[in-house]
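A.B. asks: Those sequence lines, one after another, are chains A and B. Numbering follows the numbering used here, with no gaps: position 40 of the first sequence is 32. Each number in the numbering used here comes from the position in the second sequence (counting from 1) with 33 added on.
Hints listed in this document are in silico derivations from the structure and should not be mistaken for laboratory results. It is possible that part of the hints are untrue.
Unchecked claim - Short, incomplete list of chain A residues facing chain B, as computed with Cβ under 8 Å:
1. Phe2
2. Gly34
3. Tyr40
4. Ala44
5. Gly45
6. Leu90
7. Gln94
8. Phe96
9. Gly99
To be verified - In silico BS3-like links for lysine-lysine, alpha-carbon gap of 27 Å or less:
10. Lys144(B) x Lys1(A)
11. Lys102(B) x Lys91(B)
12. Lys102(B) x Lys49(A)
13. Lys6(A) x Lys49(A)
14. Lys82(B) x Lys36(A)
15. Lys101(B) x Lys82(B)
16. Lys101(B) x Lys144(B)
17. Lys82(B) x Lys49(A)
18. Lys102(B) x Lys36(A)
19. Lys91(B) x Lys144(B)
20. Lys49(A) x Lys36(A)
21. Lys1(A) x Lys49(A)
Every residue, glycine too, gets a C-beta built ideally from N, C-alpha and C.
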Amino acid sequence: NAGVTQTPKFRILKIGQSMTLQCTQDMNHNYMYWYRQDPGMGLKLIYYSVGAGITDKGEVPNGYNVSRSTTEDFPLRLELAAPSQTSVYFCASSHGELNQPQHFGDGTRLSIL
Amino acid sequence: AQSVTQLGSHVSVSEGALVLLRCNYSSSVPPYLFWYVQYPNQGLQLLLKYTSAATLVKGINGFEAEFKKSETSFHLTKPSAHMSDAAEYFCAVRITGGGNKLTFGTGTQLKVEL
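One chain only, chain A, in its complex shape (with noise of 0.2 Å):
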């Protein structure tokens, strides 16, 4: 029953290194998201997905990239870590329905030093 699984739990980066968190889903959902939660900033969205193929920016895309090549994964890739970019990062997914919520992963937090 593993749902939305990302991996590494906990990263530290130098300023400069690139890095890709992994986000992978079970539940054949179509939608995929990434967000970032900073604190008392609630989530905010990076990136998302509509399926294999199709990305789009959200809300604070600077400074990341996105792949969407099956429908169970979906990558997010720092090229250039800046201190900015210190935060919990969480992945999502949803079925297509406007009714249907999100079910997120346990996040991945990194810092940037």
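Please arrange chain B on chain A, whose structure you already have, making use of the hints.
C.D. replies: Relative to chain A, chain B alone:
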């Protein structure tokens, strides 16, 4: 554009007391509204959702919320708080347009005291 506002970033109640967490929405179309709970070091879990079928929505763990169009509110309540309810709670509204995106409130941290 759709948005939600959560009044009170921190709420403290005694165990057994009423829990009331406030959420007001802004939407030019009939909204789809959600409440999520986040326990420490975990992701968000759905508590309940409003999708126009009934104005009083019952969720998990004894929580419920009432949709009031005249007040543009969707407040979350629980008659009797339990220590295990201590968590952060987020209200969210579906954004119209592609992707079924959500916009979230800034969250309310609930503390339950003995």
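A.B. asks: If you draw a straight line from the CA of Lys1(A) to the CA of Lys49(A), is it 27 Å or shorter?
C.D. replies: 24 Å, holds
A.B. asks: Taking 8 Å as the limit, does the beta-carbon of Leu90(A) come near enough to a beta-carbon in chain B?
C.D. replies: Holds: closest Cβ of chain B sits about 6 Å from Leu90(A), inside 8 Å.
A.B. asks: Mind checking the alpha carbons of Lys82(B) and Lys49(A) for me, to see if they're no more than 27 Å apart?
C.D. replies: 25 Å, holds
A.B. asks: Between the alpha carbons of Lys91(B) and Lys144(B), is the straight-line distance 27 Å or under?
C.D. replies: 22 Å, holds
A.B. asks: Classify the hint on Phe96(A) as holds or violated, based on whether any CB of chain B lies nearer than 8 Å to its CB.
C.D. replies: Holds: closest Cβ of chain B sits about 4 Å from Phe96(A), inside 8 Å.
A.B. asks: Within a Cα-Cα threshold of 27 Å, do Lys144(B) and Lys1(A) meet the stated pairing?
C.D. replies: 26 Å, holds
A.B. asks: Taking 27 Å as the top limit, are the C-alpha atoms of Lys6(A) and Lys49(A) close enough?
C.D. replies: 25 Å, holds
A.B. asks: Below or equal to 27 Å on CA atoms is what counts here, so check Lys101(B) against Lys82(B).
C.D. replies: 14 Å, holds
A.B. asks: Verify the proposed pairing of Lys101(B) with Lys144(B), using a straight-line Cα cut of 27 Å.
C.D. replies: The given pair, whose Cα atoms are some 26 Å apart, holds under the 27 Å limit.
A.B. asks: Need the status of pair Lys102(B), Lys36(A): alpha-carbon distance at most 27 Å?
C.D. replies: 26 Å, holds
A.B. asks: When the nearest CB of chain B is found for Gly45(A), is that gap smaller than 8 Å?
C.D. replies: Violated, about 15 Å.
A.B. asks: Just to be careful, I want the Cα atoms of Lys49(A) and Lys36(A) compared with a cutoff of 27 Å; is the pair within it?
C.D. replies: OK: Lys49(A) and Lys36(A) at ~11 Å, within 27 Å.
Checked against the numbered hints given earlier, the structure breaks hints 1, 4, 5 and 12 and satisfies all the rest.
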